[in-house]
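The listed protein sequences correspond, in order, to chains A, B, C and D. Mapping the first sequence onto my numbering, position 173 (from 1) lands on 173, and the numbers just tick up by one. Mapping the second sequence onto my numbering, position 215 (from 1) lands on 215, and the numbers just tick up by one. Mapping the third sequence onto my numbering, position 299 (from 1) lands on 299, and the numbers just tick up by one. Mapping the fourth sequence onto my numbering, position 188 (from 1) lands on 188, and the numbers just tick up by one.
Bear in mind the hints are in silico, worked out from the structure with no lab data behind them. Possibly wrong hints are sitting among the right ones.
Copies of one chain are not kept apart here, so a pair can be met inside one copy or by any two copies together.
In silico EDC-like links for lysine to aspartate or glutamate, alpha-carbon gap of 20 Å or less [to be verified]:
{"no.": "1", "residue 1": "K327", "residue 2": "E4"}
{"no.": "2", "residue 1": "K327", "residue 2": "D2"}
{"no.": "3", "residue 1": "K196", "residue 2": "E28"}
{"no.": "4", "residue 1": "K142", "residue 2": "E285"}
{"no.": "5", "residue 1": "K293", "residue 2": "D146"}
{"no.": "6", "residue 1": "K396", "residue 2": "E278"}
{"no.": "7", "residue 1": "K52", "residue 2": "E128"}
{"no.": "8", "residue 1": "K142", "residue 2": "D367"}
{"no.": "9", "residue 1": "K282", "residue 2": "E404"}
{"no.": "10", "residue 1": "K282", "residue 2": "D335"}
Protein chains: 4
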Amino acid sequence: MDFEYSEKVQGLQKQLGGFMDEHIYPAEENYREYMATTENPWITPPIIEELKPKAQAAGLWNLFLPKAHSGGDALTNLEYAPLAEIMGRVLWASEVFNCQAPDSGNMETLLMYGSDEQKNAWLTPLLEGKIRSGFAMTEPNKASSDATNISCSIVREGEDYVVNGRKWYTTGAMRENCDILIVMGKTDPDNTNRHKQQSMILVPKKTKGVTIVRSVKTFGFDDAPYGEAEIEFENVRVPASNILLGEGRGFEIAQGRLGPGRIHHCMRLIGCAQRALELACKRVESRSTFGKKLSQHQSVREDIAIAFCNIEQARLLTLMAAERMDKYGNKVARDLIAAIKITAPRMACQVIDDAIQMHGGAGLTEDFCLAEAYNYARQIRLADGPDQVHMMSLGKQIIQRFAEAD
Amino acid sequence: MDFEYSEKVQGLQKQLGGFMDEHIYPAEENYREYMATTENPWITPPIIEELKPKAQAAGLWNLFLPKAHSGGDALTNLEYAPLAEIMGRVLWASEVFNCQAPDSGNMETLLMYGSDEQKNAWLTPLLEGKIRSGFAMTEPNKASSDATNISCSIVREGEDYVVNGRKWYTTGAMRENCDILIVMGKTDPDNTNRHKQQSMILVPKKTKGVTIVRSVKTFGFDDAPYGEAEIEFENVRVPASNILLGEGRGFEIAQGRLGPGRIHHCMRLIGCAQRALELACKRVESRSTFGKKLSQHQSVREDIAIAFCNIEQARLLTLMAAERMDKYGNKVARDLIAAIKITAPRMACQVIDDAIQMHGGAGLTEDFCLAEAYNYARQIRLADGPDQVHMMSLGKQIIQRFAEAD
Amino acid sequence: MDFEYSEKVQGLQKQLGGFMDEHIYPAEENYREYMATTENPWITPPIIEELKPKAQAAGLWNLFLPKAHSGGDALTNLEYAPLAEIMGRVLWASEVFNCQAPDSGNMETLLMYGSDEQKNAWLTPLLEGKIRSGFAMTEPNKASSDATNISCSIVREGEDYVVNGRKWYTTGAMRENCDILIVMGKTDPDNTNRHKQQSMILVPKKTKGVTIVRSVKTFGFDDAPYGEAEIEFENVRVPASNILLGEGRGFEIAQGRLGPGRIHHCMRLIGCAQRALELACKRVESRSTFGKKLSQHQSVREDIAIAFCNIEQARLLTLMAAERMDKYGNKVARDLIAAIKITAPRMACQVIDDAIQMHGGAGLTEDFCLAEAYNYARQIRLADGPDQVHMMSLGKQIIQRFAEAD
Amino acid sequence: MDFEYSEKVQGLQKQLGGFMDEHIYPAEENYREYMATTENPWITPPIIEELKPKAQAAGLWNLFLPKAHSGGDALTNLEYAPLAEIMGRVLWASEVFNCQAPDSGNMETLLMYGSDEQKNAWLTPLLEGKIRSGFAMTEPNKASSDATNISCSIVREGEDYVVNGRKWYTTGAMRENCDILIVMGKTDPDNTNRHKQQSMILVPKKTKGVTIVRSVKTFGFDDAPYGEAEIEFENVRVPASNILLGEGRGFEIAQGRLGPGRIHHCMRLIGCAQRALELACKRVESRSTFGKKLSQHQSVREDIAIAFCNIEQARLLTLMAAERMDKYGNKVARDLIAAIKITAPRMACQVIDDAIQMHGGAGLTEDFCLAEAYNYARQIRLADGPDQVHMMSLGKQIIQRFAEAD
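Extracted from the complex, chain A is given alone in its bound form (with noise of 0.2 Å):
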């Protein structure tokens, strides 16, 4: 048991802090300017196209990709866990260097589950970073988090798959470089199995049929350029070879996906969490009420030493997380999954809105990224399943190994 990084970690977070100092935080002030009066938000903000080629000359590049997967120098999930949390720290800056969701996670997809011809289409300028892609998945006219819920229909007719159904929050398909959508729907809805009903397809954005219905806004916020978008497909004809995996892996698909992109949320946030603590105590030393500063306050010091106290736990849970998936796979693991997945948005919420109080109304601004932090915090409890779902499986696991334990 060891608590301390390995050298190689601190390397990496070193050369990433370093760019983060360089080129990140001094261009969130302009980033910020840019987007409130940018004519098309939906086009990746210059600032990003040019900090790119900075961090693939520095290696910073592609560095989520999973070593079970790609091998060579890629980092494990541990190792990669503690360079998401720095990425987190700023919400646009995992783009930088080609990690941001979805394409991370739509990449890791294709590189497990593509054949090489879906690999050379997509895969390939996906890890370039020249285009995009969306995760077609949840559906607004359903409770989406049960899976065999899903009502988008994928139907074979000859050497073609028909896609009818509506979707949301596909995040990032708002995006003008969008080009890939990995849609999920059912291919054999009567399947007594409720977990083979399930395919997922590749569907390029442009195929006729394929309808970006609006950008949905979630606290007010479109989050572009990344946006959540709503897409009817209607009709919607791809080659049959578009298919991942085959009929029915669907659900299988979707799982061995979740696992690494939870611990990349996780980390994600818990940097948000660390900046917006970081920020706080600033803000709390520089402010001064009723004659003393406000960091003088009984109230202020117990709510930055719990936010303190939160935030490590968080943290370790997922790089234990991450050091499980590691050595056991997903399966194993799946009970800290689902325990990061309840633990780090709740927490990350609990510390923002903490530091937004500290604040005061300034907090609630596009002054300071609290808010659009929040944001992303509280769309995390909800993405993939409300956090009870992942109670309801997580507490039912415990209970089954503990009841029945004697």
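Given chain A, put chains B, C and D in place with the hints provided.
Showing chains B, C and D alone in chain A's frame:
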């Protein structure tokens, strides 16, 4: 002791509820679409202007006007409170009845403290709903929850006062028809009595030197058509007769205005929370996961039950605060006024957040009023001082009361 | 709507408060010492027997008796509630006024449902405070919060009923002068109407086959002189006339009894919490750490403020529940009765726990009433069903109410 | 970074777990009965004395001894922590392995700071488990969480020191075989360096002038056979050589002792909480209400899931604090030591309270270890300072760290 609304109030509730059913709820969808597509969000949406005469004709106009100061048929705080709750169910509804903040507070202020000249110029058109107003108190550069921190200066020069300073969170000042600002500043910053340093002065928005710097967003909301304006006052010169009540009376006016304002905000928040609860009930009854309705999950029932309990309690506390103000005045009721300022926004944040959770991803979007209601509740936790400030003063009062009891 | 206690109630509050000041608070220390050193803790402490005639002489006797059933000068629930609060400030005070549980509930049950014979035998001496009683409902072997789980059997044999079963948490049954038990069991376990299976029967404690197994402690408290008895009923034979109201009416009686019982417990808990708050205020004003009084620490003020808010709210909710019961009966008021059962014990646990914290280590000891008050509050969270059971039924009601509203 | 226990630790866990399975769990019921019926609860129960030689023979003896000071095969904090957790599963188990507080802390103190003479007299028999000891620091009359508040005086008179003062919460001092007390007092109350005023001195319990005033209960528990003693020191005269380390070194010793002590308490609490969770799992699987097992209610699953998450997190945090102490010493690790002091007792209180709730009324009784475990956790939230004191100092550290970061 009697927990039944009076017959008069029940009649008004029925009338106002009927107006909401007939005119407001059916217009919500259109209002949302209008605001999403309008080119100038700072113009009052036509639907509001259309409904105003109807409300006026129905006698549902200026209901907030305090009996203590306008006499006649005017309502007491206790009578008005349940009506404010009903209006609060739709964020934009209050304006239809000319009861929206900050205009209601500004009208009260003018009614209580304005000269005849000031009343003629500003109160009359406000009461008629013809112009709108702002209340410029909070400053971006100071923790202005401590009023002695205010740095805006008001200096007498001959027949004029000259105002210099920067304000923000001046709700409503973005509106095209916002004509008048009540500005809090210091006329006597060196007065050893820290509560005599401040004055309030009337500044027409079009006065030279008044610059609307920007609309500040909270979460991602611009709060249009009201807006949270940031305003620069640079050598703004107004006639000396624009001072309210007299030099050094600013703190006193602020105190007088706060009591009813808090009752109103809290009751609106209770309306928000109640609506969120009702929407959640409908939602959980209409969606299913894992083979049963959401409404059949025990944890959903528990959250609904707790929300009901907390809304009921906050409502009663607010009503009691209103009654105490009516009977004994702001000063005697200050413990209860602080208590509702602490209680209602937190309660509303919690209930609305739970309702969001029960709606899944949809709860965060503009398809429901929940995210925007959350934004309102979260703002009010910070408006006129973060709740910690009120806990400090309430805690102090209570300790004093009981520590000396023997 | 009126939040002022009636003149009648104010008079009684003054009188009862005066009695507490004169006789109860000054005796607390002695009571504690007596209980700590007595050889037989199941005998009523002499101080209580001494004070009873004084309370009776002052007209402060059997105040709990419900106007609806005893008429005349009797108090409504709304009138009695604030008196129960005052008695609740000292855990053993209620008995001085013959208002302690479970005797009060048992007297109500006999008054409402007893035959003349039953009343003569048991109600009269109970009303005079000469004997004590127990209510044997909860069972150790079943989750008896679901009344259909009850396994105690009551079987008719000729002119008798024969009772077999095991009960616990039979408060008061440890007392030497506890003469009579009301026992809940099943006379018709196979009735398809699950609420017709149960009956209640009167069993004198000295009947052959009744064995007091032990006094069950909660936390470390034996709750003497009341006690939480575990009782074995083994072929206990009583005359058929001992049945209450008739076979199959047990559930109905339980329902009738619960409403007032909950009001009483909740108001006593509010008294407990209020007293804890007052003690905390005195404590934090009298102790210093790190150069200032505890009362000057911001976090202490916040905790005191929140406690004040939560007590006020729970008090109002309980009073409203009492009023609704008076006006509309238990059935209509069942949502509010559930709401206070959920709210008051949790509130009291929290307030008392915070008061303990402010007392430091002393708060946990017998030098203050706080630990024992916490034990009482924690018990009531579980008594007649863990609060989850009440949230389940309240949540269901509320969802139904609003889901169907359109 | 590695979250796996070392092979050495895994071996010890297995061995210790086996001992618990074979000797401790099976004896719990007997232990409870013995303590409930023994005439003198301050004599160590025979079962403990019987098991001690077995533990010693198995090499499971004095495991707490810190490697840093006793060298050889001794365990690091990181190695000992998971063993303390296992012992913590049964409140009285630690003593079987001679690892119970406060003896373990007292032995460490003597080992680190004692003279050879002191070691021979007291450390040797303590290490052999032949005598027991107390640590007299907390005072009833002062908020002694601020060590400068301590009022016990230690005055040099010739070859002796004379001790006067009153202490309480001196755990273990009720025991018949408690022979030696380490007493904290002031030798130099006027020293301007507030941390040089205190000294520690060894006082045999039988010294003239030492009076055990009473056993203080917490939540009704007398905590026998350990007990929380209140002790009067009245002109207690001991040889000058009994001073520990030297005059004015008391605060320094206290600091040195606190780090490991907190790790031990926190790990024992994690063991308590883990056991409570496991008991809850068994309970909810074995009871049914309203037609289904408790374990099938969604809210039960949620509470179990949250408990699991919180235990895991607190365990990791405590282990990291242990590792940091081993590597960098108490001073560098003080933020994490404060963090676990804040986190673990609150977590344990919450988890145990939830487990009580899932047990219904039974959870509060002596039939389960839950109420007593709650008492222990609640005590530790207050022991060596209410958690607010630690939040104050941790908050201050964190603010300083980040406010100055730029």
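Exercise for the section: Compare the structure with the hints numbered earlier in the document and write down the numbers of the violated ones, lowest to highest. Expected result: 3
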